[in-house]
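Colleague: Combine the two chains into a complex, taking the hints into account.
For the protein sequence lines, the chains are A and B, in the order given. 1 is the number of the first residue of the first sequence in the working numbering; add one for each residue after it. 1001 is the number of the first residue of the second sequence in the working numbering; add one for each residue after it.
FYI, nobody ran anything at the bench for these hints, they're computed from the structure. Source: prediction; values computed, not measured. Where is the CB? At the ideal position from N, CA and C, for every residue including glycine. Keep in mind that a hint or two might mislead.
[Said to hold, decoys possible] Using 30 Å as the maximum straight-line C-alpha spacing, the simulated DSS-like pairs for lysine-lysine come out as follows:
{"no.": "1", "chain 1": "A", "residue 1": "Lys107", "chain 2": "A", "residue 2": "Lys59"}
{"no.": "2", "chain 1": "A", "residue 1": "Lys86", "chain 2": "A", "residue 2": "Lys55"}
{"no.": "3", "chain 1": "A", "residue 1": "Lys18", "chain 2": "B", "residue 2": "Lys1067"}
{"no.": "4", "chain 1": "B", "residue 1": "Lys1248", "chain 2": "B", "residue 2": "Lys1186"}
{"no.": "5", "chain 1": "A", "residue 1": "Lys67", "chain 2": "B", "residue 2": "Lys1067"}
{"no.": "6", "chain 1": "A", "residue 1": "Lys67", "chain 2": "A", "residue 2": "Lys82"}
{"no.": "7", "chain 1": "B", "residue 1": "Lys1711", "chain 2": "B", "residue 2": "Lys1189"}
{"no.": "8", "chain 1": "B", "residue 1": "Lys1682", "chain 2": "B", "residue 2": "Lys1661"}
{"no.": "9", "chain 1": "B", "residue 1": "Lys1067", "chain 2": "A", "residue 2": "Lys55"}
{"no.": "10", "chain 1": "A", "residue 1": "Lys76", "chain 2": "B", "residue 2": "Lys1067"}
{"no.": "11", "chain 1": "B", "residue 1": "Lys1067", "chain 2": "A", "residue 2": "Lys59"}
{"no.": "12", "chain 1": "A", "residue 1": "Lys59", "chain 2": "A", "residue 2": "Lys18"}
{"no.": "13", "chain 1": "A", "residue 1": "Lys39", "chain 2": "A", "residue 2": "Lys82"}
{"no.": "14", "chain 1": "A", "residue 1": "Lys86", "chain 2": "B", "residue 2": "Lys1189"}
{"no.": "15", "chain 1": "A", "residue 1": "Lys107", "chain 2": "A", "residue 2": "Lys82"}
{"no.": "16", "chain 1": "B", "residue 1": "Lys1041", "chain 2": "A", "residue 2": "Lys67"}
{"no.": "17", "chain 1": "A", "residue 1": "Lys55", "chain 2": "B", "residue 2": "Lys1041"}
{"no.": "18", "chain 1": "A", "residue 1": "Lys39", "chain 2": "B", "residue 2": "Lys1041"}
{"no.": "19", "chain 1": "B", "residue 1": "Lys1067", "chain 2": "A", "residue 2": "Lys82"}
{"no.": "20", "chain 1": "A", "residue 1": "Lys76", "chain 2": "B", "residue 2": "Lys1041"}
{"no.": "21", "chain 1": "B", "residue 1": "Lys1711", "chain 2": "B", "residue 2": "Lys1661"}
{"no.": "22", "chain 1": "B", "residue 1": "Lys1186", "chain 2": "B", "residue 2": "Lys1164"}
{"no.": "23", "chain 1": "A", "residue 1": "Lys67", "chain 2": "A", "residue 2": "Lys55"}
{"no.": "24", "chain 1": "A", "residue 1": "Lys55", "chain 2": "A", "residue 2": "Lys82"}
{"no.": "25", "chain 1": "B", "residue 1": "Lys1186", "chain 2": "A", "residue 2": "Lys18"}
{"no.": "26", "chain 1": "B", "residue 1": "Lys1682", "chain 2": "A", "residue 2": "Lys39"}
[As the list claims (entries may be wrong)] Taking CB as the label site, the calculated pair distances span:
{"no.": "27", "chain 1": "B", "residue 1": "Arg1087", "chain 2": "A", "residue 2": "Leu98", "range": "44 to 50 Å"}
{"no.": "28", "chain 1": "A", "residue 1": "Leu98", "chain 2": "B", "residue 2": "Glu1135", "range": "56 to 62 Å"}
{"no.": "29", "chain 1": "B", "residue 1": "Phe1003", "chain 2": "A", "residue 2": "Val22", "range": "24 to 30 Å"}
{"no.": "30", "chain 1": "A", "residue 1": "Val22", "chain 2": "B", "residue 2": "Ile1063", "range": "27 to 33 Å"}
{"no.": "31", "chain 1": "A", "residue 1": "Leu98", "chain 2": "B", "residue 2": "Arg1094", "range": "54 to 60 Å"}
{"no.": "32", "chain 1": "A", "residue 1": "Met106", "chain 2": "B", "residue 2": "Leu1492", "range": "32 to 38 Å"}
{"no.": "33", "chain 1": "A", "residue 1": "Ser99", "chain 2": "B", "residue 2": "Ile1063", "range": "32 to 38 Å"}
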Amino acid sequence: MSKPSDLVQGTLDFLLLKILAVESLHGFAIGRRLQQVSKGDLRVSDGSLYPALHKLEQKGWISALWKPTENNRRAKFYALTKLGRKHLTQESEQWDRLSSAIFAVMKLKEA
Amino acid sequence: MDFARWRFTIPLRLRSLFRRSAVESELEEELRDYLERKTEKGIAGGLSAAEARRAALLDLGGIEQRKEECRDARGLRWLEEFWQDIRYGVRLLRKQPGFSAVVVLALALGLGANTALFSLFNSVLLRALPVRHAEQLVVLSVTDEEDSAATTFSYPMYRELRDKNSVFSSILAQAGAELNATYGEKSEKARGELVSGNYFETLGVQPWLGRLFTPADDRIPGAHPVAVLSYPYWQRRFGGDRSIVGGKLILNGHPVTVIGITPPGFYGTDLAEGTDIRLPMMMTPIFRPLPANRLQNASHQWLEIIARRKSTMSPAQAEAGIDVLYRQVHEKQIRELPARVSDYQKRVARSRHLKLLPGSQGLRHLQEQISHALLILFGITLVILLITCANLANLFLARNAARAQEIAMRLALGATRRRLLRQWLTESLLFALLGGGLGLLLAIWTQSALLHFVPANERMNLGHATLDPSVFVFAFAASLATALLFGIVPALQISRRSLAAQQGDARLAQNEMAPHRFRGALVLLQIALSLPLLIGAGLFLHSLRNLKTIAPGFDESQVVLASLNPALNGYSPERTRALYDEFLGRVRALPGVRSAALAVGVVLSGGWDSITVNVEGYQPREGEDMNPNANTVSPDYFATLRMAIVAGRDFNEHDNLQSGKVGIINQTMARYFFGTQNPIGKKFGTDESAPADIEIVGVVQDAKYVSLREKTQRHFYVPIAQEPRLMDLTLHVRTADARPIAGMLRQTLQEIDPHVPLYDVTTLANQLDDSLAGDRLITWLSTAFGVLATLLATIGLYGVIAFSVTQRTREIGIRMALGAQRWDVLRLVLRQVAWLVLLGAILGTAISLGALRLVASLLYDVRAEDPLAFVGAAVILLTAAALAAFSPVRRATLVNPTVALRYE
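So here's chain B without its partners, still in its complex pose (with noise of 0.2 Å):
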């Protein structure tokens, strides 16, 4: 019935949109037809022809009054009143160059900022994979009694979940593997991933050249050495030479065949990472050799396991369902658990039940690390985004003022209330469109800047890409919301003061008081909105601050470190060790170098071994930590990063496989597990069911390991000639001059062996600094957001007062005139002035007091009621309402009474 109707009326609509002077023209001639007929008809009856013309016009009641009423007939003029809006808003937006820059700016900041924050904000917490139908995916979490969540598992019981379960349509398992990839002449480090043979089926991923495994890649363990390449890094190594399927690379030693690329956008089920390559999971005994029996052992957890539910269950039922799978499963892996095991932690490893998260953005690493801080930073950006709307609502209302004119001239051509209501909305419409593609414009522009929010080893994915068309959608909403929000105001104002114009009463129209009192409301919701960023900004400096003063309990400066892993090249462990020996000999006769030591692990880099131990003489309770951090370390380590050994000695040569085994605590360790007596000469031990066989020699001050936040931690260190098998190690060296010393290292392991890559040359003080670059981030950014919300609301409260002076000059004359003296006027206008600042701040602690609570997380030792970030920003703000207000009221006691008095 509709489409019937629609078959005649859109061709119709459309031929007087996109015809319009045809249909004019035809409508024109019709009526003329009309006229000439009539006249034809008049002068047949008798009368002149000037009378009849005269008779037909009259019949007809004016040929322009009808054809707009055939006009409105066709149904499009509102249409066609919007464009003509939008060239009048046009024609006054060039005619107020200065103000419409000011509006355009604002405008620009606010939604930019928005924008910007949002398209970090879609790319890392919104997108989802990009896979087919990423919604169905889960990924596979097990949580016990204590409530340790662990999204790992054993390749036994990922074998008995993939043939047994009933829930899924596929599931899959990773992990990830180190390679030394070899090709041509030249070596270097490469992130591999081990994944099982129906990895890309399950994420239904297509390749971009060649084909991708099947399970009939991933058959017999060691035998199927084929490798896929991802997109980017066949484009980075091998310049996307097609001619690379069917070749051959070496890693870790051994030729594997390429057999296809990934297409450009994929990046695995990680955000935070990028893999090079990827390899069948029954590869693991090649790539991945120690322990030997990965494949088999069911207490190695090393996989993450993501699954396609199938469409026709709920996640309840998926979860229910695959639960009671892994129960059984997992109940028969107790009860082959040696008898040594606890009953503790048997009954802790029986609590454990599986749970499915939510998979669409696969592993949320990345995402549950920023999402917290992004969150507080897209909010801090609306908040922005709403004291510009008030302070432009303020604009637009004064702006009202000085056309009163103009309104009262369209009122008396006939204009109607909605009809200037559309206007003013349209007016507004085209300040925030120019105004959001302006921000679109900026937020594209600082992209790069602000992706220095996610950690840099995290953010490869996101490099670029990070523009898609919601950010788009998102903007063009942003703006029309906004319009919407600070146009409302003064559009209603005038439909209200046309009614007022209508009585005649014109100064009834200008002096209002209503949309006066409005605007006061205004500038008290802006301050009380940047009193909390104030804070908010306060808050961030202080614990910036308290950050950076944190003693790290190591010397950073003029330390180089420089990674390496010959072991990956196929060295045996006897030819690795040596490689370490002559590498580190060499580096130490290098100019510059006064120090160099070799360590497993690097502080600050974000992760750390722990290592359950067994200390002599000392019973721990059930369930207590036995489980401090550890680090591998050859002698010197710990003068090169300058960490004073308060009691005992250092590692030294004589510490080694054939000697008795050795170790060194921090002073927490000490404190935690021997009081106030001396540890020198006590045993620890790494193996529970033996005893404590590592001699304590040393005592070493603490350092934070992790992160600077961290409480300090209980940590030990064993020499690295007592490790059995080396894998990567990480050069520590102290310099005069950290500049040239990379190329000098490089220079030395190539002589060594030239296929041996040197890989994460960096600085210890960079590292530090990057371990605070999220920190340094959202301070920067919560202080200059503070800053342009208490300008945005000076510059409101000087609209206000310098308004309201303006308007109570006759006032102000008047009293004068009757006796009062400037001090008395000085009060009257200040009143005003403290009331506004008063109120605004009462209300704005208060909402500080509640929405500051949010941000307490990502303090460093600053409470969120922090009383100096709340009276730093009280006197900042009442500094800046004073300056404010300053010059319209000493323009308000320099009233002269006559000439105020002459001036109506």
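Next up, chain A with everything else stripped away, as it sits in the complex (with noise of 0.2 Å):
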């Protein structure tokens, strides 16, 4: 369904809190931002989006602020919290441990 095969469950939240971390953005824009940094490599339905979003906020890592856009419109920005900061560093740690192990068994199987 919505879900993207090529993306593992996880990643997609890893991937939005590192996006907000620079700056805050609303929906449309970070589904941008998502394609634009990974270059198309990571395609992410739009549709996994705004759940995606809506279970960060749920959780406490990013809250949401209503604010007025170009041409008199309003959107939902989102932005990263003091908690999500935290997690993202772990999370961050985490993934470097993991690749690098990967890293290395890719390394091994080529010798």
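Modeller: Now the structure itself:
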């Protein structure tokens, strides 16, 4: 269904937090940024974006604020909370450990 | 860490719960914003407006689906669904009013009975004294090698324990005192209590008005004429008049100043006592003048002692500590005993040691008396609730069959099994809460009737406030448990059925045998549980009949009782006797009075004096019980009660202080001490150190004295005229018509002295009746519960048989088409019924044999294995089963094969 087959569950949360760590954005912009930074390699369906954002909000990692945008519209902007930043740091460390381990295994196979 | 998260999440959850429409419209707006932006981007990329919107929608994969996922993210899904289920349940309830009414009513009866019993149970057996830290209180008691326990002590012992102990933070003493209270023109009897100066401090009670006693109010014997009134007495007698504090009452002829009022909920340390007036212990010489040296004499054991344990002391440490002190003091007292006390008595005295009883409920006289019967009744109501649950589970299983289509529809639309399970449980919960609420009302309504379980003169502190929060908590918890008990099986069946339905086999889903067998088991359980209740009811009925046919040894009809105590008004002994003589003389002359007499004790009023005797020519064994009951009576007492004098004579006017002492003994006493010899002219005495000096002039027939259940006791009577000091006496009047006499008696006494109150006016028949009130209540309740249980089981049985006959219509049709006769069909169906009933009855009998031993001590002259009750219950149960089976079985035999085969 809406779950991206090429994206490990949990990775999406991590990516969203990372993007919001840079600046606060609204949903549509987050989707675009996701495509930009991954140079199109990570295809996230727009459908899975919103439930993921809502889940992060309920967990207290990001907070939402309605702000006016260009041409008199208003949009829901998401920003990282202190709690979210802490969680992100932990996640990053874990990612680093995991990826270096995988990297080491890959090298072993080539030798 | 968690707190930091809650700071974010809790406001969010609350918002989505209570500002649901705002949250929903924001969600809508957010998604619409996305769609608009995406569409704009598409148009910018060269698509038409319609194409761009379509692409955007496709990308999103459906607005409603995304919304649902976002709602899931809120984590409040279950709550919303719970609310949905409740609304759905309420709709169903209203759609089937008949079914709902039956279910709610059954639950209301089951839960109501439980709640009612619990509230009585709670207020008598669970609730602590309304004082500060009641759990630290202990009651002092003494046990000796003969295992007789006592909770009374002498004043010198109290003083030593109070001043020398190191385990209690405070220790109080108390004793009852009879009072005649005069205020203004009106005199009446009041219940008094003499309490140590630290009484209120020890209990931690604050004054409602004025002040309470301190140790300074309890220093010098006879020098503290102050009183504290209880709140109920203050309301009843003075209408809550505040100016009474500081005012004066006349108590037993002595002016006393009221210094304060205790708070409304405070009743002292005994649930069964309603004390009106409290006085300092040092006023004992004034208010309990006899014997004169009460406060000094170590052999008068008349005080109850309650102490507050130091919070650093464990109960065991406190007991060990206080026992050492008690033995030291006691040993000193034994050494000071007079020489005539036998070595045996001294040995028994030395074996005494002190024990601490839990005191959070204070003195538990009432509790010990009725706790057993209360526990039994509470147990019975639990069984009733269990039977109700089994019955309802059956009913709901049957309803599931009727709802098969709805279930199939829901599953087809994508409902999960867990979701259905939850919905089914919510429905049972709804029923249980409605039933529980109604049950609570029922419990409140039956409260006053149930209170009759407590003897009339001991329930004054229970009249109100039997409902406290714990009763509501109990009713709620019981409802929840019940919902789970009767709801879980039908709900589980749904989830099992859903499996079958998913396999597309509707017939399998409907005709599944497992739930059917389960329904049989439920009925079997109901039969097995109702049998002990029926047998129990039979046992109680049999026992009550036995109690009612006991010959009490006197004729209770048309006898009026009334008590008075002029000595409390400061009458001298001579004046007291003169008043009694005059009163008795005037009463005998009243119209309609056949005979009248005065007596110290009243039969079946609960207590009796027992006096140690020595009998001429009788050598008692060591430790032999030489304490017959005794009563002091006027001439004509036996004639008034119609007790036959079987030998010798009644007392007469020649028996007085100047003539030789005389006594009358009952048949049992005559047989015990004299065997077949003629006791007339023999002597006995009540002073061990002097020769026997009371000459036996008559033998009177045996009677029941303390209770109808007692084994007949040895009993003797001495004449009032030979008693040097008369205290309270009860007038016994036999009349042609008991009704108008009470007013006439009051009038007569008023004419002699308006300040002497006449109290406890009743009839002997009432007294006899009251003594059986507890037995009657437990019999009625157990009978009602037994009938209810049987009724429920019968309905359950009917349901199962009827259902099974309906299901087997086709099978029966085929059998008949193949040549089976009516008789064969009958046998087929009856076999099922017979198995259920037989197995149920066997199981029930086994349960009864085990469980009914618990009620043995409540029965009179009936064994717990009473064959009459067992057979009677079995006959009732079988008859009920036959009635339940009759109509479905008849329907089975009337099955028309052609119709039955075309049926499906």
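Colleague: Against this structure, judge whether each hint is valid.
Modeller: Here's how the hints hold up against the structure:
no.	hint	result
1	A:Lys107 / A:Lys59	violated (38 Å)
2	A:Lys86 / A:Lys55	holds (17 Å)
3	A:Lys18 / B:Lys1067	holds (25 Å)
4	B:Lys1248 / B:Lys1186	holds (14 Å)
5	A:Lys67 / B:Lys1067	holds (21 Å)
6	A:Lys67 / A:Lys82	holds (20 Å)
7	B:Lys1711 / B:Lys1189	violated (34 Å)
8	B:Lys1682 / B:Lys1661	holds (12 Å)
9	B:Lys1067 / A:Lys55	holds (12 Å)
10	A:Lys76 / B:Lys1067	holds (15 Å)
11	B:Lys1067 / A:Lys59	holds (18 Å)
12	A:Lys59 / A:Lys18	holds (16 Å)
13	A:Lys39 / A:Lys82	holds (29 Å)
14	A:Lys86 / B:Lys1189	violated (79 Å)
15	A:Lys107 / A:Lys82	violated (38 Å)
16	B:Lys1041 / A:Lys67	holds (21 Å)
17	A:Lys55 / B:Lys1041	holds (27 Å)
18	A:Lys39 / B:Lys1041	holds (18 Å)
19	B:Lys1067 / A:Lys82	holds (27 Å)
20	A:Lys76 / B:Lys1041	holds (19 Å)
21	B:Lys1711 / B:Lys1661	holds (29 Å)
22	B:Lys1186 / B:Lys1164	violated (45 Å)
23	A:Lys67 / A:Lys55	holds (21 Å)
24	A:Lys55 / A:Lys82	holds (17 Å)
25	B:Lys1186 / A:Lys18	violated (91 Å)
26	B:Lys1682 / A:Lys39	violated (126 Å)
27	B:Arg1087 / A:Leu98: 44 to 50 Å	holds (48 Å)
28	A:Leu98 / B:Glu1135: 56 to 62 Å	holds (57 Å)
29	B:Phe1003 / A:Val22: 24 to 30 Å	holds (28 Å)
30	A:Val22 / B:Ile1063: 27 to 33 Å	holds (29 Å)
31	A:Leu98 / B:Arg1094: 54 to 60 Å	holds (58 Å)
32	A:Met106 / B:Leu1492: 32 to 38 Å	violated (51 Å)
33	A:Ser99 / B:Ile1063: 32 to 38 Å	holds (37 Å)
Of the numbered hints given earlier, the model fails hints 1, 7, 14, 15, 22, 25, 26, 32; all others are met.
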